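Q: Listed here are the chains, written in short residue letters.
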Amino acid sequence: KAGVTQTPRYLIKTRGQQVTLSCSPISGHRSVSWYQQTPGQGLQFLFEYFSETQRNKGNFPGRFSGRQFSNSRSEMNVSTLELGDSALYLCASSLAGGVPKDTEAFFGQGTRLTVV
Amino acid sequence: AQKVTQAQTEISVVEKEDVTLDCVYETRDTTYYLFWYKQPPSGELVFLIRRNSFDEQNEISGRYSWNFQKSTSSFNFTITASQVVDSAVYFCALSKETSGSRLTFGEGTQLTVNP
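Protein chains in written order, with this note's numbering: chain A, 648 to 763; chain B, 86 to 200.
Quick caveat, the hints were computed from the structure, so don't treat them as lab data. Among these hints, one or two may not hold up.
Okay, the calculated beta carbon distance ranges per label pair [claimed, not checked]: (1) Q701/A <-> V169/B: 40 to 50 angstroms; (2) G675/A <-> Q142/B: 24 to 34 angstroms; (3) S146/B <-> G675/A: 18 to 28 angstroms; (4) V99/B <-> R714/A: 45 to 55 angstroms; (5) I145/B <-> G731/A: 40 to 50 angstroms; (6) I145/B <-> T727/A: 43 to 53 angstroms; (7) S97/B <-> L730/A: 31 to 41 angstroms; (8) E751/A <-> Q87/B: 12 to 22 angstroms; (9) T652/A <-> V169/B: 25 to 35 angstroms; (10) G663/A <-> Q142/B: 45 to 55 angstroms; (11) A649/A <-> V170/B: 15 to 25 angstroms; (12) P125/B <-> A649/A: 17 to 27 angstroms; (13) Q87/B <-> Q665/A: 29 to 39 angstroms.
As the structure is a computational prediction, the values presented were derived from the model and not from experiment. Even glycine gets a Cβ: it sits at the ideal position worked out from N, Cα and C.
All chains should be built: construct the whole structure from the sequences, respecting the hints.
A: Here is the structure:
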């Protein structure tokens, strides 16, 4: 079956602009999580969406937002981009069925965002 | 608050050597899940194993084995007879969520296996 698909793979934006990243989870998966990976801070959790609702949120400013559609696809938006937002943004999906075997999260290849 | 520490930033071995990647975690939750992920140069994180806090049984999968010790809050990963294809960054992670989301990651260990 198809894996987690993230688009675009690479993106270059200018400071002050906004950007939208997209994530299509594995078919049947209802939970989508977003992570930011930078050399300095490592992998950090941004937020999780489940059934179109934000279920968990990490410690990021309000410039970072997201949403999930009825087909479980998710988008992440960053407004007023800063140089420090340059990172690899990873999306993960899971069944989230409430039993241990559903806790496995599958990751996409990420979107590499460069802010100049 | 949860925390995961991978003290080894980089490890370099020669092919066929055994290598152990260390992971120490902190959490106040009684139920939690521990994970290991592999990140090759392509970027995606590849799931290797999940352990819940009630299952301390060690696990072996081919050349991979994991040693979970609750008493020392450690979840170490051993690769036996390493191969060049094992070269990657390995992350240990912790979550209290049944969904496996909200993972707290360690800093990662860059493993280089030289021929």
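Q: Next, verify each hint and record whether it holds.
A: Hint check:
Distance hint for Q701/A and V169/B: a CB-CB separation of about 42 angstroms, consistent with the stated range 40 to 50 angstroms. Remark: the range hint 24 to 34 angstroms for G675/A to Q142/B is upheld by a beta-carbon distance near 29 angstroms. Taking the beta carbon of each, S146/B and G675/A are about 25 angstroms apart, inside 18 to 28 angstroms as hinted. Checked against the hint of 45 to 55 angstroms, the pair V99/B and R714/A passes, with Cβ atoms roughly 49 angstroms apart.
Our hint of 40 to 50 angstroms for I145/B and G731/A holds, since their Cβ atoms are close to 42 angstroms apart. The beta-carbon spacing between I145/B and T727/A, approximately 50 angstroms, falls within the hinted interval of 43 to 53 angstroms. Remark: the range hint 31 to 41 angstroms for S97/B to L730/A is upheld by a beta-carbon distance near 32 angstroms. A hinted range of 12 to 22 angstroms holds for the C-beta pair E751/A and Q87/B, which are about 19 angstroms apart.
Remark: the range hint 25 to 35 angstroms for T652/A to V169/B is upheld by a beta-carbon distance near 29 angstroms. Here the CB-CB span from G663/A to Q142/B is close to 53 angstroms, well matched to the stated 45 to 55 angstroms. For the pair A649/A and V170/B, the beta carbons lie near 24 angstroms from each other, so the given range of 15 to 25 angstroms is met. For P125/B paired with A649/A, a C-beta distance near 19 angstroms keeps the hint of 17 to 27 angstroms intact.
For the pair Q87/B and Q665/A, the beta carbons lie near 31 angstroms from each other, so the given range of 29 to 39 angstroms is met.
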